[in-house]
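Student: First to last, the sequence lines map onto chains A and B. Heads up, the first sequence is in this note's numbering, so the first residue is 1 and it goes up one at a time. Heads up, the second sequence is in this note's numbering, so the first residue is 1001 and it goes up one at a time.
Since the hints were derived computationally from the structure, they do not count as laboratory data. Take the hints with a grain of salt, since some may be wrong.
[Said to hold, decoys possible] One side only, chain B facing chain A, incomplete, derived with CB under 7 Å:
1. Glu1122
2. Asp1144
3. Ser1148
4. Val1152
5. Leu1154
6. Ala1156
7. Thr1158
8. Phe1160
9. Asp1177
10. Val1180
11. His1276
12. Lys1278
13. Val1280
14. Ala1281
15. Thr1284
[Unchecked claim] Only part of the chain A face toward chain B is listed, based on derived beta-carbon distances under 7 Å:
16. Gly198
17. Arg202
18. Thr275
Glycine included, C-beta positions come from ideal geometry on N, C-alpha and C.
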Amino acid sequence: MKTTLKLTIAMFKIFVRNKQALIFTLVSPLLIMVIFGMIGFDKPQKFSIGIASINPQPQTIQFIEQLKQFPSFEITLGTKDENLAKLKNGDFVAVLDIPSDFFNITDTQSEPKTITVYSNASQAAQAQTVVSVLNQYLSRATMILISAPTLFTLQQESIDSKNLKYIDFLLPGLVAMSVMQMSVFSVAFLFAQYKEKGVLKRLLATPMKAYQFVAANSITRLLVSVIQAFIFIGVGVLMLHVHVEGSMFLVLLCVILGALMFLGLGFTISGIAKTVESVPAIANLTVFPMMFLGGTFFPISSMPDWLQKFAQFLPLTFFSTPLRAIMTESAGFSKIKGDLLGMLIWSAILITLATITFRFQEREG
Amino acid sequence: MASSCVDFFVILAHHIKISKMTGLAEIIKYIEKTREIGLSDKSIAQELSHVGWPKALVDQAMNQSQNKDFGIQPIISVKNLTKRYGDFIAVDSISFDVYPGEIFGILGPNGAGKTTTMKIMEGIRKPTSGTIILDGKDVLRETDAVKSMIGVQLQASTFFEGLTLCELLDTFASLYDKTVDAMELLREVQLDEKAKSQVKELSGGQKQRFSIAVGLVNNPKVLFLDEPTTGLDPQARRNLWDLATQIRKRGTTIIITTHYMDEAETLCDRIAIMDHAKIVALDTTDKLLDLIEVKEELVLKRATLEDVFLKLTGHQLRD
């Protein structure tokens, strides 16, 4: 026990003094987080609209002014030809052609006056949004002009008062991803190196037991993963104003289970790898697909069905999903127990694989 | 007055001479010679202790000088040791004993089976057959007990990167469930100035000395040195020989493999010469040297170990 403790302290020192490992575990994920936080994918999309109107009436000018009030519209005035040219280039989502007598409304008018909306087929979806907003606006105007009472109205109230942003979605995923990378890479590389350079052989000449060394290294990395997770959450909350809710104890539980699972993978890889050089190839083969399919950067629900069927069973998915549920929806234990079970099963599989493949020294011929 | 002054210097010179003796074999020879002059065993022992030889070693030398058959218990006893890798026989049924306090050399060309023999004795490898008893313990059955009382320096051992020499010694001591005065140990191998350095900053000779220091953290009864001077410059080699002699003076038995003749000749009390997985000769260095005589310019000159080796194996040391 004392031996394991002393070894753990030594292994922790080694980890902290390894600059490469520190950059890998802390600096680069933090950079990703800050950059993604600053890009702000949540800003409402701006629709550029060109408006052509010859000899505008005062009402037309007023109408245009009102359109300019829409936060998501960016209105530019110009001649029809100019605007259409820009539309072709993709600078505009839509071009409106307002006839000069548009607001000459008479009681005897039988046909509705028409605004022509030109749109570019390559931006059909955005154009559709513009059209529906305009439609709504014009029917309101009609109602007011014919003095019809407003019978129905929609009151929009956001139940989700937290107003979740992309960074709120990203943070739990990033925590899971970096714990995965740290656990897999630091163990796989280091142990392949220790094996190749004869460090493990030297240790075998002492009364130390192999499990003591494996335990010391695993405890070190479990500790690092917890520190890592809470640094990310801290930076996210303090600098990027991420909303974090839910039980920190459950977060801790998830992080430890996740790290355990990926330590199993790390040891398995260092067991399979014949040389240090083959470690990155094998590690990337397993880690890289998970980075994109394990719910780190975008939700699994946005993937095609067949891919979802595969992605939902990835170890990282079982890790990022409950983390996100806890941190964004303050999910309790009962809601995440399925994912916890998934992590436990994966841990059992990977640790078993590790004990089969990982040896302190090569088998004798 | 004048004669007593001369006596003083004669005695002083004599004391310096016997304190400079390199090992057990020389001490035994000295005891035998002095005994012939008529000095009592007690006064010889007193004299040897007086110049700094440890009591254990003196006692042992006394013992061995009286009893040519090494009547005392061997600290290591290897019997019919064999190691096969498939069809290849690395070690072919070798047997030998090592006595406490001696520097025992295993000399042989690369691939003769020296390192394999060492590894099996260290409990790192399992033999195909044979037994090894180390200080009363069966290396194969009580491997952990054996590991905790031996010190090991492997041919190519590296240590963790990121720890200083001091921290490494402390960490290794904890593997034996012991604590160690790391600075004292570093001083002993003349690396105290490098206490805060990492292994990668050391020169080749320093690395080997550090490797030996790591082998000493548990104050071992037996220290195994596997080709400790291979690849070192002459200065560093001599440095390491001094260190080995110094460690033996503490009473530690040393087993050393080498393929340098001069190293075995200066350092070892007894030598086992291995070739093609077998021991082809085993005796004290002196006796081995007496095996053959070399005629050179019509003057009889004592053979070097190189000559002995050539005669026994019929070939030069392969490299």
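Student: Have a go at the phenylalanine 1160/B hint: is there a Cβ in chain A nearer than 7 Å to its own Cβ?
Tutor: 6 Å, holds
Student: Does the closest beta carbon of chain A sit nearer than 7 Å to the beta carbon of valine 1180/B?
Tutor: Violated, about 12 Å.
Student: Quick check on valine 1152/B please, does its C-beta sit within 7 Å of some C-beta on chain A?
Tutor: Where the cut-off is 7 Å and the nearest Cβ of chain A is about 4 Å from valine 1152/B, the hint holds.
Student: Do the numbers back the hint for serine 1148/B, that is, is its least Cβ distance to chain A under 7 Å?
Tutor: 4 Å, holds
Student: Using Cβ atoms only, decide whether alanine 1156/B comes closer than 7 Å to chain A, and label the hint accordingly.
Tutor: Since chain A brings a Cβ to about 5 Å from alanine 1156/B, closer than 7 Å, the hint holds.
Student: Does alanine 1281/B meet its interface restraint, that is, does its C-beta lie within less than 7 Å of any C-beta in chain A?
Tutor: Violated, about 28 Å.
Student: Hint validation: arginine 202/A versus chain B, beta carbon distance must be below 7 Å. Holds or violated?
Tutor: 4 Å, holds
Student: For the restraint on glutamate 1122/B, tell me whether the closest CB of chain A is nearer than 7 Å.
Tutor: 6 Å, holds
Student: If you take the shortest Cβ to Cβ gap from aspartate 1144/B to chain A, is it below 7 Å?
Tutor: Nearest chain A Cβ about 5 Å off; hint holds.
Student: Identify whether the interface hint at aspartate 1177/B stands, where standing means a beta carbon of chain A within less than 7 Å of its own.
Tutor: The hint holds - aspartate 1177/B has a Cβ within 7 Å of chain A, the shortest such distance being about 6 Å.
Student: Is the shortest C-beta separation between lysine 1278/B and chain A less than 7 Å?
Tutor: 21 Å, violated
Student: Hey, does the threonine 275/A contact hint survive, CB to chain B under 7 Å?
Tutor: At 16 Å from the nearest chain B Cβ, threonine 275/A fails the 7 Å test, so the hint is violated.
Hint compliance for this structure: hints 10, 11, 12, 13, 14, 15, 18 are broken, all remaining hints hold.
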